[in-house]
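Knowing the structure of chain A, use the given hints to seat chain B on it.
In order, the protein sequences belong to chains A and B. For the first sequence, our numbering assigns the number 1 to the initial residue and increments by one for each residue that follows. For the second sequence, our numbering assigns the number 1 to the initial residue and increments by one for each residue that follows.
Since the hints were made in silico from the structure, they are not lab data. A virtual CB, placed ideally from N, CA and C, is assigned to each residue, including glycine. Worth double-checking, as some hints may not be accurate.
Straight-line Cα separation of at most 27 Å, DSS-like style, residue types lysine-lysine; simulated pairs [claimed, not checked]:
1. B:Lys205 / A:Lys344
2. A:Lys317 / B:Lys194
3. B:Lys69 / A:Lys199
4. B:Lys68 / A:Lys199
5. B:Lys205 / B:Lys116
6. B:Lys194 / A:Lys372
One side of the interface only, derived from the structure: several residues of chain A facing chain B at Cβ under 8 Å [claimed, not checked]:
7. Thr202
8. Leu205
9. Phe206
10. Pro332
11. Pro369
What follows is a set of in silico ranges between Cβ atoms, one per label pair, in the way DEER data are often shown [as the list claims (entries may be wrong)]:
12. B:Asp131 / A:Gln123: 42 to 50 Å
13. A:Asp130 / B:Asp185: 41 to 49 Å
14. B:Gln127 / A:Ala300: 50 to 58 Å
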Amino acid sequence: MADAHEPNAGPGGPGGFAPPPLFFERMQRLQTAVACGTPDRVPLSLVMDLFAANTMGVSYPDFVSSVDIAGQTMLGAMEKLGDVDSIQFPTYAPDVLGMLWLAPMKLPGRDLPEHSQWQMDEQVRIQREDYDKILEMGWSPWFGQYIGKHLGAAAAAGQALQEAGPRWTMEYMKKGYVVFSPLTVDHPFEHLAGARTVKEFTLDLFQIPDKVQAVLDLIMAEKREQARQFVRAVGQPGLGYWVGSWRTAPEFLSPRLWNRFVWPYMKELVEIVAEEGGTPVLHYDANWDREIERLKDLPARRCVLELDGKTDIFRAKKILAGHMCILGDVHPAMLTLGTVADVKAYCGRLLDEVGPDGYIMAMGCAIPPDAKFENVKAMVDSVKR
Amino acid sequence: MTTSPLAQAVGDLEEETAVTLVQDKLAKGEAALSILEELQAGMNIVGERFEEGEYFLSELIYAADIFKKAGAPLQEELKSATQSSYGTLVLGTVKNDIHDFGKDIVATVMGSNGIKVIDLGVNVEHQAFVDAVKESGATLVGMSCLLTTVFDDMKDAVQTLKDAGLRDQVTVLIGGGPVDQATADYVGADYYCKTAQDGVIAAKKVLGVN
Chain A
1 MADAHEPNAG
11 PGGPGGFAPP
21 PLFFERMQRL
31 QTAVACGTPD
41 RVPLSLVMDL
51 FAANTMGVSY
61 PDFVSSVDIA
71 GQTMLGAMEK
81 LGDVDSIQFP
91 TYAPDVLGML
101 WLAPMKLPGR
111 DLPEHSQWQM
121 DEQVRIQRED
131 YDKILEMGWS
141 PWFGQYIGKH
151 LGAAAAAGQA
161 LQEAGPRWTM
171 EYMKKGYVVF
181 SPLTVDHPFE
191 HLAGARTVKE
201 FTLDLFQIPD
211 KVQAVLDLIM
221 AEKREQARQF
231 VRAVGQPGLG
241 YWVGSWRTAP
251 EFLSPRLWNR
261 FVWPYMKELV
271 EIVAEEGGTP
281 VLHYDANWDR
291 EIERLKDLPA
301 RRCVLELDGK
311 TDIFRAKKIL
321 AGHMCILGDV
331 HPAMLTLGTV
341 ADVKAYCGRL
351 LDEVGPDGYI
361 MAMGCAIPPD
371 AKFENVKAMV
381 DSVKR
Chain B
1 MTTSPLAQAV
11 GDLEEETAVT
21 LVQDKLAKGE
31 AALSILEELQ
41 AGMNIVGERF
51 EEGEYFLSEL
61 IYAADIFKKA
71 GAPLQEELKS
81 ATQSSYGTLV
91 LGTVKNDIHD
101 FGKDIVATVM
111 GSNGIKVIDL
121 GVNVEHQAFV
131 DAVKESGATL
141 VGMSCLLTTV
151 FDDMKDAVQT
161 LKDAGLRDQV
171 TVLIGGGPVD
181 QATADYVGAD
191 YYCKTAQDGV
201 IAAKKVLGVN
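Bound-form chain A, shown alone:
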């Protein structure tokens, strides 16, 4: 299957439940922005996890131990923040990130001190010989073995989210919140770079490029059909799917490598999600300045470009205006170290220069755990001007 972190948990209303009018008002606002239109007000969409725990006085170990505690805590933080249109994930379990980067996570209270942020345990877990094994066995059988060896907690988290996602989506809908983009379709490059580590994988790209491409092609051969069937099976038009980029950012790779190992796969996955009626959410961390023009090749007025503060969002708007909705990008360091005045001034600039058409106000990447509540509140309130 596609890498579904929280399947079947979208804005279409599972189980025949009728959401309140506020939900539809917010949904309309978001859909207008995605289509590059000008809504009645710039919408908001948040990503948060341990910030919610801090906001609601829940311990980190409790938060990461249960998808229900996480869902309840995140919903509570949404209510405390006030008039927020949407959240991207309805609940969370950091272990699931292991399925993206093929590396186990370290969690507070389990592997780290209680008040630590969860972190990925990045080590070289596959060797060059494993490329041959993948080519010989096929991706899914090899990956199944790998999960058994390294990713038991990640798989369990994925299952827990699969079960809890729809339930928590409904809880948000009852309160009028839209769950905007709870599902993911992952780039095969991210899997291999995580399991090899960035340094070793980069050397592979130079020293054994043909073999790496053969493995990426093999994974993609499975992924393209799985992604299509997955989006089709979820069957909620407009629901957001993260087609994210972390280690695939142009900042890290020269055009020669990026054009060969990143973009063709990225473009195809985005097109598949869009063709099947989903909204590809390009959660692009790090600096994408070099390749912003390239995003004009993606389906018009169907995708959302989510930036983290490293890409020049103002330049991106000039290039993509009318073609792609942009979401972001109040920098995590500003939410943590800045003042309310800093946040207000920056949000004002975002609203003026990136909005009001085709824009969704948001943090860069995710609200950091130690963000000041008043700073996040200032970001939330900025759209009401």
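Same frame as chain A, now just chain B:
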């Protein structure tokens, strides 16, 4: 000044050529220190191309690996050389952060640009930076993090250097995903390095290397 074939091979990322040229030079009896200087000249070409936007992080990583492989046969002779590095950098990911991606790349790139790196690893106690500076006489300290939640740990680590009376003799460089100039101001660092190459430029500036 003309560029030597060895420096050009490193600059052009021609791994096999660089390795072969070093072996040839050693066979002809050339001094290891002189060969090392050519390899470092090659890394300067890589750095210039990075600054010009021709090369990216991927090329920095590959060039550093070429430098390491080609330079491996020189190590024994260099141990007895009086000066094989411009200066010393104590480097680590600060306490409560276990990410080593950025830190490892900085270590690799710094090392291939003539800067000796004492890599303290990840989740480094504040006092460990102090101990390593005292022991090595390093004039550069590099701190990395990927989490906003450890900004205070970075600040405390800088403060610990100050408390130990070492702050005036070291230059503190910081970098990492969420770090920016405001972070550098907050923690009391001297330089915010957006990229590994920024770190090399800052270090060379501090060390007076052209």
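Quick rundown of the hints versus the structure:
{"no.": "1", "hint": "B:Lys205 / A:Lys344", "in the structure": "violated, 37 Å"}
{"no.": "2", "hint": "A:Lys317 / B:Lys194", "in the structure": "holds, 23 Å"}
{"no.": "3", "hint": "B:Lys69 / A:Lys199", "in the structure": "holds, 15 Å"}
{"no.": "4", "hint": "B:Lys68 / A:Lys199", "in the structure": "holds, 14 Å"}
{"no.": "5", "hint": "B:Lys205 / B:Lys116", "in the structure": "holds, 15 Å"}
{"no.": "6", "hint": "B:Lys194 / A:Lys372", "in the structure": "holds, 24 Å"}
{"no.": "7", "hint": "Thr202", "in the structure": "holds, 5 Å"}
{"no.": "8", "hint": "Leu205", "in the structure": "holds, 7 Å"}
{"no.": "9", "hint": "Phe206", "in the structure": "holds, 5 Å"}
{"no.": "10", "hint": "Pro332", "in the structure": "holds, 5 Å"}
{"no.": "11", "hint": "Pro369", "in the structure": "holds, 5 Å"}
{"no.": "12", "hint": "B:Asp131 / A:Gln123: 42 to 50 Å", "in the structure": "violated, 26 Å"}
{"no.": "13", "hint": "A:Asp130 / B:Asp185: 41 to 49 Å", "in the structure": "holds, 45 Å"}
{"no.": "14", "hint": "B:Gln127 / A:Ala300: 50 to 58 Å", "in the structure": "holds, 56 Å"}
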